[in-house]
Amino acid sequence: MSEYLQVRSNGQITLPAPARRKAKLNEGDLLEVLVEEDGSIRLIPKLPIDRALAEKYQLADVKWAVKQKGKKK
11 MSEYLQVRSN GQITLPAPAR RKAKLNEGDL LEVLVEEDGS IRLIPKLPID RALAEKYQLA
71 DVKWAVKQKG KKK
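Going by the working numbering, the sequence shown opens with residue 11, and the numbers climb by one from there.
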């Protein structure tokens with residue numbers, strides 16, 4: 011079933027409660043906005059992540075990959 015939104019003068023929209031519940035969205039959640047070539051808009055829920063923590067795990071992944079490359083089969 012389709013639901014309709016109205017764009018307000020300041021560009022804001024309100025997602026209807028049934029859509030928010032179905033998408034499991036809560037107040038303050040982050041959404042990525044993608045505008046497709048045909049003009050359609052997709053909203054994709056995103057989780058915030060601590061940049062320092064992300065870098066730590068990224069470096070650990072690189073170290074693991076280098077270690078694996080050095081192993082002889």
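There's no promise every hint is true.
As the list claims (entries may be wrong) - The calculated BS3-like cross-link candidates involving lysine-lysine, where the alpha carbons are at most 27 Å apart (straight line), are:
| no. | residue 1 | residue 2 |
| --- | --- | --- |
| 1 | 56 | 66 |
| 2 | 56 | 79 |
| 3 | 66 | 32 |
| 4 | 66 | 79 |
| 5 | 56 | 77 |
| 6 | 66 | 77 |
Said to hold, decoys possible - Beta-carbon label-pair distances, calculated as ranges:
| no. | residue 1 | residue 2 | range |
| --- | --- | --- | --- |
| 7 | 25 | 74 | 36 to 44 Å |
| 8 | 20 | 80 | 55 to 63 Å |
| 9 | 29 | 78 | 14 to 22 Å |
| 10 | 75 | 38 | 29 to 37 Å |
| 11 | 74 | 34 | 29 to 37 Å |
| 12 | 23 | 58 | 33 to 41 Å |
| 13 | 42 | 17 | 33 to 41 Å |
| 14 | 13 | 65 | 33 to 41 Å |
| 15 | 17 | 56 | 46 to 54 Å |
Calculated directly from the structure, the hints in this document are not laboratory data. Cβ atoms here follow ideal geometry from the backbone N, Cα and C, with glycine treated the same way.
Under the criterion that the straight-line Cα-Cα distance not exceed 27 Å, is the pair residue 66, residue 32 satisfied?
-> violated (34 Å)
Starting from the range 33 to 41 Å, see whether the pair residue 23 and residue 58 falls in it by beta-carbon distance.
-> violated (21 Å)
Indicate whether the distance between the beta carbons of residue 17 and residue 56 respects the range 46 to 54 Å.
-> violated (22 Å)
Given the hint that residue 66 pairs with residue 77, test it: the Cα-Cα distance must not exceed 27 Å.
-> holds (17 Å)
Residue 56 and residue 79: Cα distance at most 27 Å?
-> Measuring from Cα to Cα gives roughly 33 Å; hence the hint is violated.
Does the Cβ pair residue 29, residue 78 satisfy 14 to 22 Å?
-> Since the Cβ atoms of residue 29 and residue 78 sit about 44 Å apart, the hinted range of 14 to 22 Å is violated.
Between residue 56 and residue 66, is the straight-line Cα distance small enough, at 27 Å or below?
-> holds (20 Å)
Starting from the hint 55 to 63 Å, judge whether the C-beta atoms of residue 20 and residue 80 obey it.
-> The hinted range 55 to 63 Å holds for residue 20 and residue 80, with Cβ atoms some 56 Å apart.
Consistency of beta-carbon spacing, residue 17 to residue 42, with hint 33 to 41 Å = Violated: the Cβ-Cβ distance is about 18 Å, outside 33 to 41 Å.
For the pair supplied as a hint, residue 66 and residue 79, is the alpha-carbon distance within the 27 Å limit?
-> holds (20 Å)
Is the hinted pair residue 56 and residue 77 satisfied, with a Cα-Cα distance of at most 27 Å?
-> The given pair, whose Cα atoms are some 32 Å apart, is violated under the 27 Å limit.
Is 33 to 41 Å right for how far apart the beta carbons of residue 13 and residue 65 are?
-> This hint holds: roughly 40 Å between Cβ atoms.
In the structure shown, a violation is registered for the earlier hints numbered 2, 3, 5, 9, 12, 13, 15, in ascending order.
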